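Protein chains in written order, with this note's numbering: chain Z, 1 to 271; chain A, 1 to 271.
Bear in mind the hints are in silico, worked out from the structure with no lab data behind them.
Source: prediction; values computed, not measured.
A hint or two may mislead.
Copies of one chain are not kept apart here, so a pair can be met inside one copy or by any two copies together.
[Said to hold, decoys possible] Only pairs whose alpha carbons sit at most 20 Å apart, straight line, appear in this in silico SDA-like list of lysine to any residue: (1) K86 with F117; (2) K86 with D46; (3) K86 with R96; (4) K51 with Q211; (5) K144 with R96; (6) K86 with Y98; (7) K86 with P19; (8) K86 with R99.
Spelled out from the first residue to the last, the chains are:
Protein chains: 2
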Amino acid sequence: MISPLRDILVDGRPGDVFPADDRGLLYGDGVFRTLRVDAGQPRWWDEQVAKLGRDCASLGLVAPEPGVWLTDLQHLALPPCNGILKLLVTRGSGERGYRPPPAARTRRMMVFEAIEFSPDPPTGLTLRVCVLRLGWQPRLAGVKHLNRLENVLARAEWDAPEIDEGLLLDQSGKVISGVMSNLFIWQRNRLLTPRLDRCGVAGLARDRLMQKALAAGIEVQETELDLRAVYEAEEVMLTNSVRGLRRVARLEAQCWPDSVISQRLMDYLNA
Amino acid sequence: MISPLRDILVDGRPGDVFPADDRGLLYGDGVFRTLRVDAGQPRWWDEQVAKLGRDCASLGLVAPEPGVWLTDLQHLALPPCNGILKLLVTRGSGERGYRPPPAARTRRMMVFEAIEFSPDPPTGLTLRVCVLRLGWQPRLAGVKHLNRLENVLARAEWDAPEIDEGLLLDQSGKVISGVMSNLFIWQRNRLLTPRLDRCGVAGLARDRLMQKALAAGIEVQETELDLRAVYEAEEVMLTNSVRGLRRVARLEAQCWPDSVISQRLMDYLNA
Chain Z
1 MISPLRDILV
11 DGRPGDVFPA
21 DDRGLLYGDG
31 VFRTLRVDAG
41 QPRWWDEQVA
51 KLGRDCASLG
61 LVAPEPGVWL
71 TDLQHLALPP
81 CNGILKLLVT
91 RGSGERGYRP
101 PPAARTRRMM
111 VFEAIEFSPD
121 PPTGLTLRVC
131 VLRLGWQPRL
141 AGVKHLNRLE
151 NVLARAEWDA
161 PEIDEGLLLD
171 QSGKVISGVM
181 SNLFIWQRNR
191 LLTPRLDRCG
201 VAGLARDRLM
211 QKALAAGIEV
221 QETELDLRAV
231 YEAEEVMLTN
241 SVRGLRRVAR
251 LEAQCWPDSV
261 ISQRLMDYLN
271 A
Chain A
1 MISPLRDILV
11 DGRPGDVFPA
21 DDRGLLYGDG
31 VFRTLRVDAG
41 QPRWWDEQVA
51 KLGRDCASLG
61 LVAPEPGVWL
71 TDLQHLALPP
81 CNGILKLLVT
91 RGSGERGYRP
101 PPAARTRRMM
111 VFEAIEFSPD
121 PPTGLTLRVC
131 VLRLGWQPRL
141 AGVKHLNRLE
151 NVLARAEWDA
161 PEIDEGLLLD
171 QSGKVISGVM
181 SNLFIWQRNR
191 LLTPRLDRCG
201 VAGLARDRLM
211 QKALAAGIEV
221 QETELDLRAV
231 YEAEEVMLTN
241 SVRGLRRVAR
251 LEAQCWPDSV
261 ISQRLMDYLN
271 A
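Given only the sequences and the hints, what does the whole structure look like? Please build it.
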């Protein structure tokens, strides 16, 4: 069942299974992050581990120390190829029931999967608007937790290979993100991205891009965006930790043939 | 890690582990049900298996046939004691990413845990109102899926052993359910229970009680309930599949010393 191209450590030990009473499985009681690996080197390591720690804290999980992850990484001894590294933390095993056991030891997993990344479409991505609307849950907003059924159901909406990503709106019709990426638009010399205080996942590439753009003197705003603002944008872009920043060429019937700012922002993000 | 009092079958085979790439763990991509076992006999078996099938369908999962569960049950050969039987279905393993793999085979688990049920408080349960508000997600409302972080966070709100259950309101302040139970109130000769079309889990005991009460000539309504309606109710009750129907003696400062209808309803439910 596990692909031979995957290497997995569970609590630091090689193995491809998880205890069946783990709260990650039973309740989605945990968090994760996905890192890009280039020639054996995980990208943005320190920032990813730090952000995973903050997400753990938001669920009341004791995060593994950064040094523990580093030991795991050395133990895994990534081959000098490209791929994706996943770090996952759950509340571990415990008594039956929703109540987080006071003595819960977290359980951690590190998975490497070798992947040759497909090239991006040269002109940009093609997007659709998803039917599923994200529900609001301020207590979990921004956190990359293991309750991802909304993303699964949204991604199940399309099969067409020409669609690269789906745009997610919330229950009030505001635009929040892509199914597997964060959204930025460029409008009147400002870089705008949806607020994620009611739903959505705050990706690390999003954090980084906001910081780097600000540092470069660009006006950056987290704000409420409706679909019309996206259609009227001068340029639309998506970010995630694996694919970095990518420009959008098309959203439903609307096209953006020319790059305005995306190349510059891509350089900032990767700097 | 697994208690010696638990018996587990994964896809019909004894074992206490799950593949680490299962989508139940990675995304909470699955459903479950919890059955009470009395002296080795699971309660409401056919109805539970049927309801699990409907929940599978709502996520686009192919449910195991009822006969498959029955074979598992025979294989597990429950000892003649009391306990809890959990049936769990996930979308299994597949390609990386949210997209449900077209070839996904579901994975199933059956777990029995022997438990001596503690007696109910003689006068009734003591409830508090939870701070966490349930978000709306009509696409998942009613389904007992594996994305249960809201329940986990709500249950983490109290430690006091004198509190038996927490009452969950939704984002608009309507009362939805308990953290691990459904809610009924008795008011002017009507049995009322919150609508679960925007959030909440539709437990089997709730379905059954509504049917049985209707059949007994009682007026039953699924409706919007605010907290005031609960405080003003003549009697307040909770249901779940493990504990059946239990009356509430206290919610915050409000008390209901005397039973009005709960004993009769309990008889209907268990008939």
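Against the structure, the hints:
1. Proximity of K86 to F117 under the C-alpha cut-off of 20 Å is restricted to the intra-copy arrangement: shortest distance 16 Å within a copy versus 40 Å between copies.
2. Taking the shortest alpha-carbon separations for K86 and D46, only the intra-copy value of 14 Å comes in at or below 20 Å, while the best inter-copy value is 40 Å.
3. Taking identical chains as interchangeable, the C-alpha atoms of K86 and R96 lie at most 20 Å apart only when they sit on different chains, with a minimum of 11 Å there against 27 Å within one chain.
4. In this homomeric assembly, K51 and Q211 come within 20 Å of each other (Cα to Cα) only inside a single copy, at 15 Å, whereas the closest approach across copies is 49 Å.
5. For a Cα distance limit of 20 Å, the shortest separation of K144 from R96 across copies, 16 Å, qualifies, whereas the shortest one inside one copy, 24 Å, does not.
6. With identical chains, the CA atoms of K86 and Y98 are at most 20 Å apart between copies only, with a shortest distance of 14 Å across copies and 26 Å within one.
7. Taking identical chains as interchangeable, the C-alpha atoms of K86 and P19 lie at most 20 Å apart whether they share a chain (18 Å) or sit on different chains (15 Å).
8. With identical chains, the CA atoms of K86 and R99 are at most 20 Å apart between copies only, with a shortest distance of 17 Å across copies and 27 Å within one.
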